[in-house]
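Hey, can you work out the whole structure from these sequences and the hints?
Protein chains in written order, with my numbering: chain A, 522 to 982; chain B, 3 to 201.
Hints are computed from structural coordinates only; laboratory data are not their basis. Quick reminder that beta carbons are idealized off the backbone N, C-alpha and C, glycines included. Don't take each hint at face value.
Restraint-style ranges between C-beta atoms, simulated for each label pair [what the hints assert, rightly or not]:
| id | chain 1 | residue 1 | chain 2 | residue 2 | range |
| --- | --- | --- | --- | --- | --- |
| 1 | A | Arg572 | B | Ser123 | 38 to 46 angstroms |
| 2 | A | Gly857 | B | Ser123 | 24 to 32 angstroms |
| 3 | B | Ala34 | A | Ala603 | 14 to 22 angstroms |
| 4 | B | Ala124 | A | Glu619 | 37 to 45 angstroms |
| 5 | B | Arg29 | A | Ser635 | 29 to 37 angstroms |
| 6 | B | Leu197 | A | Ser635 | 53 to 61 angstroms |
| 7 | B | Ala124 | A | His636 | 17 to 25 angstroms |
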Amino acid sequence: MASERKVRGKYSACTAAVLLIGMWAAPAVAREEVQRDFHKTVALPSAHLFRIENSNGNVTIHTHSKPEVEINASIHCSADTASEAQSFCDQIQIVVDEGTSLSVHTQYPSHWSSHSLSHVVHYDISMPQSSPLEVRNHFGAVTVTDLHAAGIIRNNNGHVTLSSTRSRQEVENSFGDVEVRGNDGDVTIRNGNGGVTATDITGALEITNRFGQVRVSRTGHGLTIRSNNGNIQVEHVTGAAVIGNSFGPVLVTDGKADVTVQNQNGEVRATDVAGTADLRTSFGSINFSHVGKALTARAQNAAIVGDTVGGAAVVETTFGRVELRDVKGGARVTAGNSSIRLSAIGGEVYAKTSFAPTIISDAAGPIIVESTNGSVTVESKPGARCQPVALSTSFGPIRVTVPGGIGYNVSSRTTFGKIRSEPDLTVTGSIGGDALNGKIGGGGCDLKLIDQNGSIDILKR
Amino acid sequence: MIFQCRDLDRALRSPELMPDAREHAQRCESCARQLHLWSEISRLAPALHEEWESPALWPAIRAAMAEEPPARRRFPVWRWALAAAALVTFAVSLTMPWRAKPQAREFLTDDALHEVEQAESAYSRSIDRLSKLAAPQFEQSHDPLADAYREKLALLDTAIADLKANVENNRYNLYLQNQLASLYREKQKTLQEWLKNGK
Chain A
522 MASERKVRGK YSACTAAVLL IGMWAAPAVA REEVQRDFHK TVALPSAHLF
572 RIENSNGNVT IHTHSKPEVE INASIHCSAD TASEAQSFCD QIQIVVDEGT
622 SLSVHTQYPS HWSSHSLSHV VHYDISMPQS SPLEVRNHFG AVTVTDLHAA
672 GIIRNNNGHV TLSSTRSRQE VENSFGDVEV RGNDGDVTIR NGNGGVTATD
722 ITGALEITNR FGQVRVSRTG HGLTIRSNNG NIQVEHVTGA AVIGNSFGPV
772 LVTDGKADVT VQNQNGEVRA TDVAGTADLR TSFGSINFSH VGKALTARAQ
822 NAAIVGDTVG GAAVVETTFG RVELRDVKGG ARVTAGNSSI RLSAIGGEVY
872 AKTSFAPTII SDAAGPIIVE STNGSVTVES KPGARCQPVA LSTSFGPIRV
922 TVPGGIGYNV SSRTTFGKIR SEPDLTVTGS IGGDALNGKI GGGGCDLKLI
972 DQNGSIDILK R
Chain B
3 MIFQCRDLDR ALRSPELMPD AREHAQRCES CARQLHLWSE ISRLAPALHE
53 EWESPALWPA IRAAMAEEPP ARRRFPVWRW ALAAAALVTF AVSLTMPWRA
103 KPQAREFLTD DALHEVEQAE SAYSRSIDRL SKLAAPQFEQ SHDPLADAYR
153 EKLALLDTAI ADLKANVENN RYNLYLQNQL ASLYREKQKT LQEWLKNGK
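Here it is as structure tokens:
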């Protein structure tokens, strides 16, 4: 049974700007406003669909355990005269279609000519908790609370807020923020020109966004974010996270599984990733810390800096420095026009760069450095057994420190520069010329040092 | 307390009297109007706050201070502090006590609409100027950044056109006018960003 209550409001107001420039007591031009309220309660068996379509107003949905929908709408109209406002409000209809599903929509007059008429229609609806929901709204906010069935919300030019919901939720919006706080199930969000916030999602979370920031916290299963031109902040993700972005930074903290980030023109920062980390970007730095398994970091025109990797690390960049510390596995670093600084690497090291120095310390495994136009400095890790070392460069010195008490088969060569050895070297072959070959400590691992236009120094640790 | 109209000024300075003032205003049209005006000021005043860069200001102050002999200080620091505290107290008293329940407003008044339309024209002019400035770079650039800005501006233009069509039939709708203003602001900001960062 529908009931209507008419409330007539009449007031005038000044804008603050007018007030502040001295028109304190000046009477504003009055307009008339009318509000018409609509109430109707309709039966809707559990699990039957409820659909609502509105524009120019907010839609607020609550739920209850009763098998019925309580529809409350407030229709606000503004006009030059009260009768015009009232007449206009009377023409705006709330249409309720009952069937296997229940559908509600706002019907505006097909045509109105006066430029002085304005309207707003807000809905406040209580519906069965376990009925699926479809909302379409334009130019207003949508709020849904405590829905325990699937929901589809399509909105534009307004905020969308979901809280304490269950089941699969799908939200599409533009020019407004989307906020989902607490959903027991999967969530899909597509937004444009608005921010997205999603927290406490137990299911898989998929977000597509453009020109707005994305914030995700505490998700239970997989996370997929496809974004452009926005900042992305992710923390406490239990499942695998796959994130794509451009023209904005990506920050990931506390990923319990694998993390994959593909960014462009933006920074990438990953901290406390329990699984593997695959981080890529261009024109933005990559920073990482505490990656549990293998790391892959690929950048262009950007620095890559990080520490504490539980597996092997593969790093590639150009025109940016590489600094890598505390890697349990091996490290393979390929760079161009970039300095490389590696320390405490547990496995094999391969480093290649140009036009910048390479500095390696405390590497436990074999070391290969291929440099051009850059100095090479290597300090081998003291240990019980030797590891092969092969260093080559051009137009820069090579300086290698070997641990005492370990033997090497030395083969060194430089065209314009001196070759010096601090540890005793038993020379084999001829002395003089470009090359110096011999053995340190009776020989052992290969120590190959090849340079052009640079001195070679073998130092003792 | 039996609240009377003459107590209103005191209530505006004393937050603890505001509940009585509001209750009284429900029965007194004159006081209700006063309260409404004050709440409008406190609601809208922050939006009128402006800042501008004055790189020469501090060096000038510093130079003036350096030149000024200490003996000439006639206004002790504590007085400045007191004045500042009074100002802060006044500002807080203006904005805090009755911000809790602003009247939900759905529509603009004629005056407000007039101002909104003026502001819209000003935005349009500013955007036109910025568009003209940005155009040469935009036309020449094949940079991915330019593509991103072009895409965003195209989206904004579509949204503005859509919203303007809606506003045409609902001019006094405050929400729509706010949305339109925010789209204009966004477009202006986007063009400014492009002029600053574009290649």
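Indices of hints not satisfied (ascending)
Hint check: 2, 4, 6 fail, others pass.
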